[in-house]
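Here's the letter readout for the chains.
2 protein chains.
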Amino acid sequence: MNQPIWIGLLGFGTVGSGTLRILENRLEDIARRLGRPVKVKKVLVRDVTKPRALPIDPVLLTDNPAEILEDPEISIIVELMGGIHPALEYIKAALSSGKNVVTANKDLMAIHGRELFALAEANGLDLEFEASVAGGIPIIRPLKVCLAGNQIEDIKGIINGTTNFILTKMTQEGSDFSEVLKEAQALGYAEADPTADVEGLDAARKLAILASIAFNTRITLNDVHVEGITKISARDIQYASQMGYTIKLLGIAKETHGKVEARVHPAMIPNSHPLASVNDAFNAIFVKGDAVGETMFYGRGAGDMPTGSAVVGDIIDVARNIINGHTGRLSCTCYHQKPIKSIGEVEGKYYIRLLVTEKPGVLASIAGVFGDEGVSIQTLIQQEQFGNEAEIVLVTHKVQEENLQKALNILSEMPIVEKIGNVIRVEQG
Amino acid sequence: MNQPIWIGLLGFGTVGSGTLRILENRLEDIARRLGRPVKVKKVLVRDVTKPRALPIDPVLLTDNPAEILEDPEISIIVELMGGIHPALEYIKAALSSGKNVVTANKDLMAIHGRELFALAEANGLDLEFEASVAGGIPIIRPLKVCLAGNQIEDIKGIINGTTNFILTKMTQEGSDFSEVLKEAQALGYAEADPTADVEGLDAARKLAILASIAFNTRITLNDVHVEGITKISARDIQYASQMGYTIKLLGIAKETHGKVEARVHPAMIPNSHPLASVNDAFNAIFVKGDAVGETMFYGRGAGDMPTGSAVVGDIIDVARNIINGHTGRLSCTCYHQKPIKSIGEVEGKYYIRLLVTEKPGVLASIAGVFGDEGVSIQTLIQQEQFGNEAEIVLVTHKVQEENLQKALNILSEMPIVEKIGNVIRVEQG
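Protein sequences, first through last, are from chains A and B. 56 is the number that UniProt numbering gives to position 56 of the first sequence; each next residue is one higher, with no gaps. 202 is the number that UniProt numbering gives to position 202 of the second sequence; each next residue is one higher, with no gaps.
Among these hints, one or two may not hold up.
[Stated by the list, open to error] Straight line, CA to CA, 27 Å or less: simulated DSS-like cross-link-like pairs of lysine-lysine: (1) B/K338 to B/K349; (2) A/K288 to B/K39; (3) B/K41 to A/K144.
[Claimed, not checked] Not the full set, but computed from the structure, chain B residues with beta-carbon under 7 Å of chain A: (4) G244; (5) A291; (6) V292; (7) I316.
Just so you know, these hints were derived from the structure itself, not from any lab. Backbone N, C-alpha and C fix where the C-beta goes; we use that ideal spot for every residue, glycine too.
Isolated chain A (complex conformation) (with noise of 0.2 Å):
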C-alpha cells in the first residue's frame, strides 16, 4: 500500500505554509511512520495568483473549495483560514461527505464544538483540534487521554502570547503598557488592531475548550468572563514585586461543588509558582489533578512551525486511524452537563489600589466600607501622598467578588475616593 493519505488544505497563511513545509520535511519520515505517504493535494486561496512567502507548486493551488471538498480521494481536511465563515460551512460539508477534519480553529471551535463533534460521530469521522489552543504544546491530548483518569480541579494558563510578551516587557523595563503594545506591533508580536489578544478574547476562545475537555462539559465562549491588560499600569507591577507577585494574563478554570468557574484575566501569582516565569511570547498551562497533583506544559503557543507541529501531530493520527479503519474513536468527551458559576460567585482575593484625598480618618472610613459588605483586608501595602492625594494599596482575605463589587461600588460615590487605580485579582494555588 503506497497510496498516499491525500490532504487537501483550507487555508495558505502563516499556519498552513508551516503545516506544508513540515509534511515536505518529514515526508519520508511520516512515510516510514506509517507505512503510507501523507500529501497535501490541493490548497484552497482566496487569490491563486498571489506571490507566497513559501515556494509552493502553483497546480497545487485553488480558489474553488469544491476542489477540495468533493475530491473522493482526499480523505482529510486541514482547515488553518480561521473565523466562523465559512470555515463552519466548509468544515460541516467536509464531515457530512466521508472527510476528516483536523482544525486549529480556536474560535470555531469554542463556539461550535458541540455541533461538529456531533457530526463526526455521527459519521464516524476523527476532528482533531490540538492546534487550537498553545499552538506547538501538547495539551488537549494530554487531558482528554493522558489525564484521563483524574477529577482534574484547576487549570491556570498562559495561553496568548501577545499579552505575555508585554506583560514581560512591562515588568523588566518599568514602563506602561501603552509605551511597550507599540514596541510588540514593531516587532510582529502585536498585531495593527490588537484587540482580540490585549482585551482576552483570544485566551478566552483557548480556555473555553480547555475547560470544556477539563470538565467534560461544554464551555462555550460566553460562559467565559473576560477583562483585558489595557488597565495594568507600571505602578501595579511595581507592587507586585515588591509583593513577591508577578502579574500574568491568566485563563483559570475550576470545578467547585460540581459548579465549573470559568475567566480570563491579568491576576497576580507568587514569584515561585511555575507560571511566574514562564516569559516573553512563551505559553505554558498549569493542570491540577485529584490523582497527578500538579503539571505544567510549557512551550510556543503561535507560529508557523510550533503550530504546524500540532497540525501535523493530529494529521499524522488520524492518518494512521484511516489506514486501519479506527476513526471516529476519540470524539467528544463532554458528557456532563455541569452548571456555570457567574462570576460575582467566584470566591478570590484582590488587590486594590486606591487615589484618595488626604486628610484624617480617610482609612477609617475606607476600612468601615470594606467591613460593612464583609471583605476583610489582609495586607494595607502602603500609603503613598502625592500633593493632598494619597496612595493606598491593599489585599483583602478570600472574599465573594459580588460583595467586593458592592463595596468598590460604594467606595467609587464616596468624595474622598479621587479613583480606583485599579483591582487585580491574587491567584495563590
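Given the coordinates of chain A, work out where chain B should sit on it, guided by the hints.
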C-alpha cells in the same frame, strides 16, 4: 453493554494501591466516558495475608499468577511489580494469550522493550507504558503522537525525584551530599539503599525509553552513559551559583548527524533555563523539536497517585481500544536503526575544579596540558589558597570528551596536581 472491562493487577505496592484507588474513585466517571465500567478482578500479591495500607476486599487477592493470566474474562493485565523477573514472563504470557498490557516497569521496558513490542504487534494488542517514565507527567504519548511531525533534536530531563530533591536541598542549604542524603532517607525521599537513584541508574532506564521514542530507534540501558551525583560537593554548587548556573542530574539524549547520544550525569545549566527552577522531587522533561521549538513537561515523577494517574490514563485508552476493536493501533515506533555515539565522541563544555600545589608556573603548566590536547579554556573562575594548596576552577570551550579525558589523565599524573576535585559538564541550550 454494561459488561465491565476486567483488569488483573500484578503487584500491589505503592503504585498498585494508587491505581486501585483511582479506579475505584473514578469508577462512575470512567464508565460514563467509555460506556462501560472498568473493574479490577484480581490482584496478584506475594502474601495474601499481609496487612495492606489501602483496605482491599480479600477476595480480590491471589498469590497464584495463573488465576489472572489464565482468566478469559480479564482483558488488560496491569503490571506494577517492577524488576525483570518474573514481570517479563508474566507480560509475555499475557500478550501470548490475547491480553493487553499496561506497565509502569522502566527496568523491563529499557531492556526488553523491543521483544515485548514485537509480541504485542504480532497479536494485535496494546502495550502501554506512560507510567514508566516521569510518573504522572504525560510524556510518552505527547512524544509518540503530538510531536510526531518533529525531528526531535534534543531531550533534557530531570527524571529522578530523589536526586533532584537532594540537589535542591544541597543548593538551598549549602550542605554536602552525604548530609542531605540522610535527610532525604528520613523523609522517605530516598531508599535505605539509594544506589539506583543516586548513581543515576533509575534515570538511565527512563532515558533509554524516552530516547527510543524521541529518535525512533531502539536505545537500551547499555547504550546510556551513566554518572551519579555522589561526587557533587557543596563547593561545586557554590562555584556554579557564582557563575549563574544550577547543578541538576540530567538525562540527555541528542541526535547529531544521524548518530544518537544518551547520557545521564550531573550538569550545570544556566539559571534562566526552565529546568533550573524545577525543584524538590518534581520532574520535568525539556524537548526541542525542529518544528515545535522548545517545550517542557513538568510534574510529579513518582508517588502512588501521580504514577497511578498515568497507569489509569493508559488503562482507559486500552479499554477504549478494546471496546472499539482497535487494539494494537499504536505499536512500536522504532522504525530506524541509528548508530550510538560513544561518550568519547560527545562534544561539550566542562567545569573543572583542581587542587594544585601553590607555586610559580603552576597555571602555565596546567594551561599547557589543556592546550596540547586541544582543550581551550573559556574562563578561569577563581584561585583560592589553602596553606600551600590552591584551588583552580575553569570552564572549557566546547571540546570532544575524548580530548578532555586525555588532558585530565595527564594532569592527574602531574606532581603539582594534588587532586582533580570534580569535572562537571556544562549544558547551555
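Outcome of the hint check:
1. B/K338 to B/K349: 25 Å, holds
2. A/K288 to B/K39: 25 Å, holds
3. B/K41 to A/K144: Distance of about 26 Å is within 27 Å: holds.
4. G244: Because about 15 Å separates B/G244 from the closest Cβ in chain A, which is outside the 7 Å limit, the hint is violated.
5. A291: 4 Å, holds
6. V292: 4 Å, holds
7. I316: 5 Å, holds
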